[in-house]
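Once you've looked at the hints, dock chains B and C against the given chain A.
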Amino acid sequence: MTRRPGKSYSLSELVARFGGEVAGSATTQISQIAPLSSARAGDITFVTSARYQRELEKTRASAVIVGPDLSGATSIPRIVSGNPYAYYAKVCALLNPERVHAAGVHALASVSAAARLGEKVSVGPGAVIDDEAEIGAGVRIGAGSYVGRGTRIGAGTVLHANVTFYDGCIIGERGIVHSGAVIGADGFGMAMDEGRWLKIPQIGRVVIGADVEIGANTTIDRGALEDTVIEDGVKMDNQVQIGHNCRIGAHTAIAGCVGIAGSALIGRYCRIGGAAMIHGHIEIVDNVEISGGTLVPKSIDKPGKYTAVFPMTGHREWTVNASLVRQLKDLRDRVRALEDDSEGSER
Amino acid sequence: MTRRPGKSYSLSELVARFGGEVAGSATTQISQIAPLSSARAGDITFVTSARYQRELEKTRASAVIVGPDLSGATSIPRIVSGNPYAYYAKVCALLNPERVHAAGVHALASVSAAARLGEKVSVGPGAVIDDEAEIGAGVRIGAGSYVGRGTRIGAGTVLHANVTFYDGCIIGERGIVHSGAVIGADGFGMAMDEGRWLKIPQIGRVVIGADVEIGANTTIDRGALEDTVIEDGVKMDNQVQIGHNCRIGAHTAIAGCVGIAGSALIGRYCRIGGAAMIHGHIEIVDNVEISGGTLVPKSIDKPGKYTAVFPMTGHREWTVNASLVRQLKDLRDRVRALEDDSEGSER
Amino acid sequence: MTRRPGKSYSLSELVARFGGEVAGSATTQISQIAPLSSARAGDITFVTSARYQRELEKTRASAVIVGPDLSGATSIPRIVSGNPYAYYAKVCALLNPERVHAAGVHALASVSAAARLGEKVSVGPGAVIDDEAEIGAGVRIGAGSYVGRGTRIGAGTVLHANVTFYDGCIIGERGIVHSGAVIGADGFGMAMDEGRWLKIPQIGRVVIGADVEIGANTTIDRGALEDTVIEDGVKMDNQVQIGHNCRIGAHTAIAGCVGIAGSALIGRYCRIGGAAMIHGHIEIVDNVEISGGTLVPKSIDKPGKYTAVFPMTGHREWTVNASLVRQLKDLRDRVRALEDDSEGSER
Chain A
219 MTRRPGKSYS
229 LSELVARFGG
239 EVAGSATTQI
249 SQIAPLSSAR
259 AGDITFVTSA
269 RYQRELEKTR
279 ASAVIVGPDL
289 SGATSIPRIV
299 SGNPYAYYAK
309 VCALLNPERV
319 HAAGVHALAS
329 VSAAARLGEK
339 VSVGPGAVID
349 DEAEIGAGVR
359 IGAGSYVGRG
369 TRIGAGTVLH
379 ANVTFYDGCI
389 IGERGIVHSG
399 AVIGADGFGM
409 AMDEGRWLKI
419 PQIGRVVIGA
429 DVEIGANTTI
439 DRGALEDTVI
449 EDGVKMDNQV
459 QIGHNCRIGA
469 HTAIAGCVGI
479 AGSALIGRYC
489 RIGGAAMIHG
499 HIEIVDNVEI
509 SGGTLVPKSI
519 DKPGKYTAVF
529 PMTGHREWTV
539 NASLVRQLKD
549 LRDRVRALED
559 DSEGSER
Chain B
219 MTRRPGKSYS
229 LSELVARFGG
239 EVAGSATTQI
249 SQIAPLSSAR
259 AGDITFVTSA
269 RYQRELEKTR
279 ASAVIVGPDL
289 SGATSIPRIV
299 SGNPYAYYAK
309 VCALLNPERV
319 HAAGVHALAS
329 VSAAARLGEK
339 VSVGPGAVID
349 DEAEIGAGVR
359 IGAGSYVGRG
369 TRIGAGTVLH
379 ANVTFYDGCI
389 IGERGIVHSG
399 AVIGADGFGM
409 AMDEGRWLKI
419 PQIGRVVIGA
429 DVEIGANTTI
439 DRGALEDTVI
449 EDGVKMDNQV
459 QIGHNCRIGA
469 HTAIAGCVGI
479 AGSALIGRYC
489 RIGGAAMIHG
499 HIEIVDNVEI
509 SGGTLVPKSI
519 DKPGKYTAVF
529 PMTGHREWTV
539 NASLVRQLKD
549 LRDRVRALED
559 DSEGSER
Chain C
219 MTRRPGKSYS
229 LSELVARFGG
239 EVAGSATTQI
249 SQIAPLSSAR
259 AGDITFVTSA
269 RYQRELEKTR
279 ASAVIVGPDL
289 SGATSIPRIV
299 SGNPYAYYAK
309 VCALLNPERV
319 HAAGVHALAS
329 VSAAARLGEK
339 VSVGPGAVID
349 DEAEIGAGVR
359 IGAGSYVGRG
369 TRIGAGTVLH
379 ANVTFYDGCI
389 IGERGIVHSG
399 AVIGADGFGM
409 AMDEGRWLKI
419 PQIGRVVIGA
429 DVEIGANTTI
439 DRGALEDTVI
449 EDGVKMDNQV
459 QIGHNCRIGA
469 HTAIAGCVGI
479 AGSALIGRYC
489 RIGGAAMIHG
499 HIEIVDNVEI
509 SGGTLVPKSI
519 DKPGKYTAVF
529 PMTGHREWTV
539 NASLVRQLKD
549 LRDRVRALED
559 DSEGSER
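Residue numbers (this note's numbering), protein chains in the order written: chain A, 219 to 565; chain B, 219 to 565; chain C, 219 to 565.
So that you can see chain A by itself, here it is in the shape it has in the complex (with noise of 0.2 Å):
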């Protein structure tokens, strides 16, 4: 963790900025946010769950942020919150604010002439923004990025260094783009003709609305004819990868690896786990859960959670049974013939 020497804040100025109860001394003074077993004296800390009660009783922690159910469990100076895990966000971006970039364009960085930089805009070096983009007020371009021709940033949005979002794109405002993410390369269109793949051009755009954040070397493709859209609030973990037009619903969190195969349609609020990866030209309805791993083939026309993933074994022990999985027909045949039997014989 960086410690920088911060301000800090009395658990009455928290409660007074981010709602709450304090129990215990309110004027506890704190100033950097630490998990229960390493946090000490200065520190708040937060139990999310019942179940960290013993590991509560030994932190150092100067304050804790409990849920209602843990405030007895303790006698620490503590603020009782609903929502303990969304409190512990706001303090801690509270006590670690980010970096400010001065604004102002880099003069290693290429700012075309026929761009429009909105107010305060901070352009890294070797960042280069093309013919016509559109970059909101507060935007920062981080070092080596990419803007292409009539792409538009909204207003407040950072692409960390090495990002790249192609001509034509949106991305609204208070999005975070990581470094290395691709918006807008060419989808994976084509057809074959006489014996070659003659490529299909990818006309559409990527669309993505405001308060989204991407992922490292994640890589969004653009519409072949239609567009890609990516809606508010969606947060995209590192190394996804989306297909030509794809829509995803407002508020989806998709972790880790995920790959999502061109013309899906994912709904709100879903929730995808690490390496799942899902077919194209299919159609998920709010709400859903993918557990992490699981190959989705096909639509999902009702909300809950969903699973195809096994749990690994010894080596030699899976070998024996996975193989036998090939012949789980013959095993089944084999059942259904005992069974006539038995049948049989008991007449």
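Any given hint could be a false lead.
Since copy identity is lost for identical chains, a pair holds within one copy or between any two.
Claimed, not checked - As a list, the in silico DSS-like pairs of lysine-lysine whose alpha-carbon atoms are at most 27 Å apart:
| # | residue 1 | residue 2 |
| --- | --- | --- |
| 1 | 547 | 516 |
| 2 | 520 | 547 |
| 3 | 338 | 225 |
| 4 | 417 | 523 |
Worth flagging that the hints you see were computed from the coordinates, not collected in a lab.
The following block gives chains B and C in isolation, referenced to the frame of chain A:
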């Protein structure tokens, strides 16, 4: 879709360029191409399967590209082609010409005096071309891309922004390399030596043929001693990983998130579905199709389609059944015992 | 293979440097290393297994590196070593010295006045070194790479082109970081708060030891509160994803496309096969081997090899059998019923 005011063409002009036959008014003018459902006046659309006949009846397009089987299914002006999908690709490219990048080296690019550039090369801001690199005529090197020492880029090839070619690699003519792709990084080779990994220098190259497209953030490692080879016409989607010493046969198409381990030899005209994983040191013949998500642990010596993925189910149902895979041998043995009993009682 | 005219060495010179014993003419000169099948005069080759004895008999190499068991299997001049594969690595490195990059900061690089650079640092065009970064002696920062504020790069480490280190991270000495790698992006942490995801600031760092190699487009996230730690000698291939708060033990090797979710603790000397996926918040002891493609959903407390992948089959055969996995409980219950019947009839 980006609708720039473009040129318009009559159906007879299209047929003169691309073949096929016109049915209905050959003077119908079209200026854009769009899907059946969203096409409007001035657009041409296309139908690739009789499945879409109902949508065809409702389209508001001014014209349609159809196969001979569906020519009678509509009365709107149409182009009849034996391969409507390829025809769509050609018309789409005509109506949506690529952006022209002015030739020349940007003031913020770095081109070695010892590099050789062909005619009409465009080098974007922040791009770097190292010593002895050879850049063919009409090549575009996107902003922030790096071309290593001695690397050769064939005529007409496009490197989008932030592409990396290591030293000593080759790509042929008319290639397209998307942002974030890394060509020629070291293969994963090391030897355990007294408790420490010893790096094995990777002195092979990556040698890529003509008409190859490489997706965003795809990585192709250089060979250990020999070269990694990508033959003509190979198409790769995003986030594909090709290990050292692989050979990918001509016109093979590799969908997103596929991993191919070192020294795998893949045939021509193969199609590898998204997120498939192919072991190293195996050989796959021509015309093999691998289903998305399938793991290929051994060589394939016959053309055809191969699969090893499970249809996901509801989480609880899955958990109950999947855990039984680990008891398959036991189950099989119990069925055997019952069969022995049954035979014994019949004697 | 790149065959630059290189220096040549006699077998006795090699043995003087790297140990082992010469059999046959010790004055044999070699200038390159090559595989058994393609080696020619002037090359040395190597054999790591008796499986290759037939190829050994046919090689045209001038010399060979062999283990004691195969020393008698050939009459060509040879070096006998207890570890021919490591010996190959050493000879290959000697014969193929790495390109030397001139020290100095390129005119198109941007180095903060508040950064500290050691001796003989090479900073390529377009590279950016931010405030308070510390760059050790002999470090190479490739073209277009970004080193964040306060980040420390140990002596002798190489960042290839287009690498990104976020603020406040650390990598030790003699590291190699390949292009497109992103170190220190935010971990995937957020709290649901009244229907919206609230970002949890990621204030930990990434702390990487000495002698670590990181593959192209690999991503390692910074910790949420504590640090993500990569210990000495870890080797990672391309497109690996390491979540926040992970700890990877020393000398563990991680093949391409592996994903490791947040807060996983991996032991020392583990080997993780390509495309394996490891759940978060689990612990794996030292010396564990995970087969490629395997999903690890829980902790592993014993060394050994673990697997959960299925051998692919022809598509139709697979489809028939795989769907029966969903009926395993039913099948098991039917076998039980038959067993009960059978026992009943025997009584």
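We went through each hint and held it up to the structure:
1. 547 x 516: For residue 547 and residue 516, both the intra-copy (23 Å) and inter-copy (23 Å) Cα distances are at most 27 Å.
2. 520 x 547: between (29 Å within a copy, 23 Å between copies)
3. 338 x 225: within (25 Å within a copy, 40 Å between copies)
4. 417 x 523: between (38 Å within a copy, 24 Å between copies)
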